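K.L.:
From just these sequences and the hints, can you work out the full model?
From first to last, the protein sequence lines stand for chains A and Z.
Its first residue numbered 1, the first sequence is counted upward by one per residue in the numbering used here.
Its first residue numbered 1, the second sequence is counted upward by one per residue in the numbering used here.
Covered by chain A, per the in silico footprint, the following chain Z stretches (three or more residues, Cβ under 8 Å):
#1 27–40
#2 47–58
#3 79–91
#4 212–219
Treat the hints as calculated values from the structure; they're not laboratory data.
On a predicted model such as this, the values are computed, not experimentally measured, just so you know.
Yeah, the Cβ is synthetic: ideal placement off N, Cα and C, and Gly gets one too.
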Amino acid sequence: MSDATANGQAMTSGELAGEEARRREVRNRWLLATPALVIIFFAALGPLAIMLVYSFLEKGNYGGVIWEFSTDGWFGVFLKQDIFDDTIGFADAHLSIFWRSIKLSLMTTVITLAIGFPTAYFIATQPAKWRPVWLFLVTIPFWTNLLIRTFAIMEVIRNEGVINSIFIAIGLIEQPIQMLYTDFAILLGMAYVYLPLMVLPLYAAMERLDFRLVEAGYDLYANRWQVLRRIVIPLVKPGIIAGSILVFVPSLGAYVTPRVLGGGRNMMLGNLIELQFGQGRNWPLGAALSITLLVIVMVALLFYVRNASKGGVQSHG
Amino acid sequence: MADTATARRPFSIKRQTGFGFIAACCFVMLYAPILILVLYSFNAGTSIAIWEGFSWRWYEAAWQNQRVIDASITSLKIATAAALIATGAATLAALATTRTRPYRGMTAIYAAINQPLMVPEIVTAVALLIFFAIIKIHTGYQGLGYLIAAHTAFCIPFAYLPIRARLENMDLSLERAAADLYASPWQTFRHVTLPLMAPGIMAGAMLAFVISLDDVVITEFVKSGGQDTLPTYMLGQLRRVITPEINAISTVFLAISIAVVTVFFLLNRKGGKT
Chain A
1 MSDATANGQA MTSGELAGEE ARRREVRNRW LLATPALVII FFAALGPLAI
51 MLVYSFLEKG NYGGVIWEFS TDGWFGVFLK QDIFDDTIGF ADAHLSIFWR
101 SIKLSLMTTV ITLAIGFPTA YFIATQPAKW RPVWLFLVTI PFWTNLLIRT
151 FAIMEVIRNE GVINSIFIAI GLIEQPIQML YTDFAILLGM AYVYLPLMVL
201 PLYAAMERLD FRLVEAGYDL YANRWQVLRR IVIPLVKPGI IAGSILVFVP
251 SLGAYVTPRV LGGGRNMMLG NLIELQFGQG RNWPLGAALS ITLLVIVMVA
301 LLFYVRNASK GGVQSHG
Chain Z
1 MADTATARRP FSIKRQTGFG FIAACCFVML YAPILILVLY SFNAGTSIAI
51 WEGFSWRWYE AAWQNQRVID ASITSLKIAT AAALIATGAA TLAALATTRT
101 RPYRGMTAIY AAINQPLMVP EIVTAVALLI FFAIIKIHTG YQGLGYLIAA
151 HTAFCIPFAY LPIRARLENM DLSLERAAAD LYASPWQTFR HVTLPLMAPG
201 IMAGAMLAFV ISLDDVVITE FVKSGGQDTL PTYMLGQLRR VITPEINAIS
251 TVFLAISIAV VTVFFLLNRK GGKT
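P.N.:
Given below as structure tokens:
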């Protein structure tokens, strides 16, 4: 709202002072943005470009690269060549890690949505006075260290952890169930650490929900399930998409959670990438894998932007 | 609870069966593991699973552990430097991208500033590893500068967002009044705009500080030998036999994060009201 007045203001003064003043203003604004842009260019954006170059180089024997053009790095993302008979086949190990990453990320998204949706709805229907308190309770875990939260989950599901101790104490099981270092552990950990990322955008959408529409639904003899499915969910769809993207994207690139809870054997993409820069000593392959991950994430974000802008048009029109 | 009980008799349009229960589970799930972690930091025994009575011994152990002290100092150095530089750059960038009609390149600036939020951390980490390896070979510099630069870059968007939000909600009439009273643009900025922006800048700096303090992935890839921060030190320890010392360090860490975030929220609420 204040945005609109600010724009109007700038427009009239711009027209009065003429093109020259306008040009000077734009230059000043670029100057103001320069420090931030320089830092981001040198410590975030630029290195990505260098990594792209590295993905097309020959790998060095002890890590690093040899400055010769090669597509071996990209070749190795999905394919492999047999060392004895030179036949080309799919790199099964890589494919299974890609598949595990996508599968676990999708499952994490579904689980957090299943828990986060009712929670956000619950908060949005609380008395206005209490909503910030509930919201604050969701936000605190979000701002606390991800490693510490992963470690907390580790303590709960260890063989000597709380869950197994309780189950043994009440006689449900005799031997502890191995939960740590399994796909289940990674899934539980990711759902736990990314849950706030689902609740927050869902709540933002539900807070604006017009409950008169819900009332109209009941007046027309809809039951609770029909109201939820036909009225509430379509109205908060932008929040559902935003939350899903916010959970899916970091899950796909997760590194700490699978490293701590997956225990080395159950790798995800992030760990596969690290491996190429550590023991694997194959920097071009690592660079190519990183760019592949980046492309998948960008596609997901584009999907989100297109949907979000559609939602925006709807709400304005 | 009383709320749902009374809501059952007169028909409540807002109620959905089972949602309150799932929400309760959600909050238990969010806090139970953290509370267990905190509880065992006070364990008298060496196990993080068997309770043997209350003691402060692990806090004392952590306090006397030279590696923990060094890592904490490194963490604080990096977080302070990164938060200060990032907040400065973000403040200027926020001034550059608000309260104007869209100009050529404004969307590009906005996208560039938010870029660290969109790229997965592991990808940035690996890209920085490559880039800094090149610089290290050519200059021989091994210091904390790399970590500070990397942290500053990903802290900028976090510092930028609250400052921008503050600027967008600001009343322009005060600045116009200052200009009417013959204040120069600099005087207007110094005595009107900057004090009005201050809560946003404070909030941005605190977020940047917490984000830098929490970082594991980028630090793990960029650090040289002997540059462990507290999170990377802890990550290394998780591979060994774990004692409640890690719980004690985690608890202190949690307390600091929660304190900073609480102050941030109070600042933001006050800022919203005035």
